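**Q** Here's the letter readout for the chains.
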Amino acid sequence: MTYWNSFSDFLAMGGYGFYVWGSFGVTVLIMAVEPMLVIRQRNATISRLKRQLRADQRAESQVAS
Amino acid sequence: MNDRFNLYSLASPASFYPFAGKMVPYFVALSVVFGLAGLWLGMLVAPTDFQQGEGYRIIFIHVPASWLSMFIYLVMAFWAAIGLAFNTRLSGMMSQALAPTGALMAFLSLWTGALWGKPMWGAWWVWDARLTSELILLFLYIGYMALTAAIDDARRADKAGGLLLLVGVVNVPVIYFSVKWWNTLHQGSSVNLTQSSMAQTMLWGMLLMALCFWMYAIAVSLVRVRTLILERERHTDWVKAALMEDSREKSGGDNK
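Residue numbers (my numbering), protein chains in the order written: chain A, 27 to 91; chain B, 178 to 433.
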């Protein structure tokens, strides 16, 4: 029960293909890239904080001994 | 202390952090479900528009992105007001976590608007009240991010950014009502509480896509706010414990 007769009709979007797919394409790109960047930033922050924490702990144990 | 679930306890970063982590998968799942349903209705089922042909289908991302760009700004301004009034720690982090997604939504609104304007009006861009005020919204997002990034002290960055957010909030009703207040090239709103000028399938497709965008924004912002919490609360015992826990899980059975 779709509106389209063929897949090429769907792609052509009645002559508006460039505008419609240009809109959807950039949206999909942003919604794929943004989560990737957010997760990468999260992993980078966690590993940096862990490094700092370990360095602090080593410094503390050296002072103690 | 009692065991009863207390909403106010979520105001503390230490209890909000694990709560946000648990919520993320649900919002991702909801976003995917709403998105698939919305795309199916909007792109495969909905009929053509008698004036704009198939070009109108840009509406299924243009309107959700525009709504969200305004709504996210309002939420950020709300957190800014709470933060300035009560000096709560989490508020500033909430605003900062939302800002990049809000900016991207404002950009998408302008981008899809340009791609819609070209075939319908014959111009990518016009200095119309609706378009200009939405562009100002994008600049407000960018200005907020630049300002908070430029101030080293996190709490002072929150205060300055919060002030900018509250001053800029007047722009949101200007965007929303611009098509009523001025003679604009941009068409008036198609969705109305009492009566809608759209076909039912179009309307539902658009609402489902709006929910998809909404859930997406919440999921991404929750991940971002969790990173901010770790960063800002790194000197607290619970963050140190969480980081150590994480290390132990990663190294697995190595340390037997």
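Hints were generated in silico from the structure; no laboratory data involved.
Some hints here could point you the wrong way.
[As the list claims (entries may be wrong)] As a list, the in silico EDC-like pairs of lysine to aspartate or glutamate whose alpha-carbon atoms are at most 20 Å apart:
hint : chain 1 : residue 1 : chain 2 : residue 2
1    : A       : LYS76     : B       : GLU410
2    : A       : LYS76     : B       : ASP423
3    : B       : LYS417    : A       : GLU86
These figures come from a predicted structure and were not determined experimentally.
**Q** Each hint should be assessed against the structure and marked as holding or not.
**A** Status of each hint after checking the structure:
| no. | hint | in the structure |
| --- | --- | --- |
| 1 | A:LYS76 to B:GLU410 | 13 Å, holds |
| 2 | A:LYS76 to B:ASP423 | 9 Å, holds |
| 3 | B:LYS417 to A:GLU86 | 15 Å, holds |
The earlier numbered hints are all upheld by this structure, with none contradicted.
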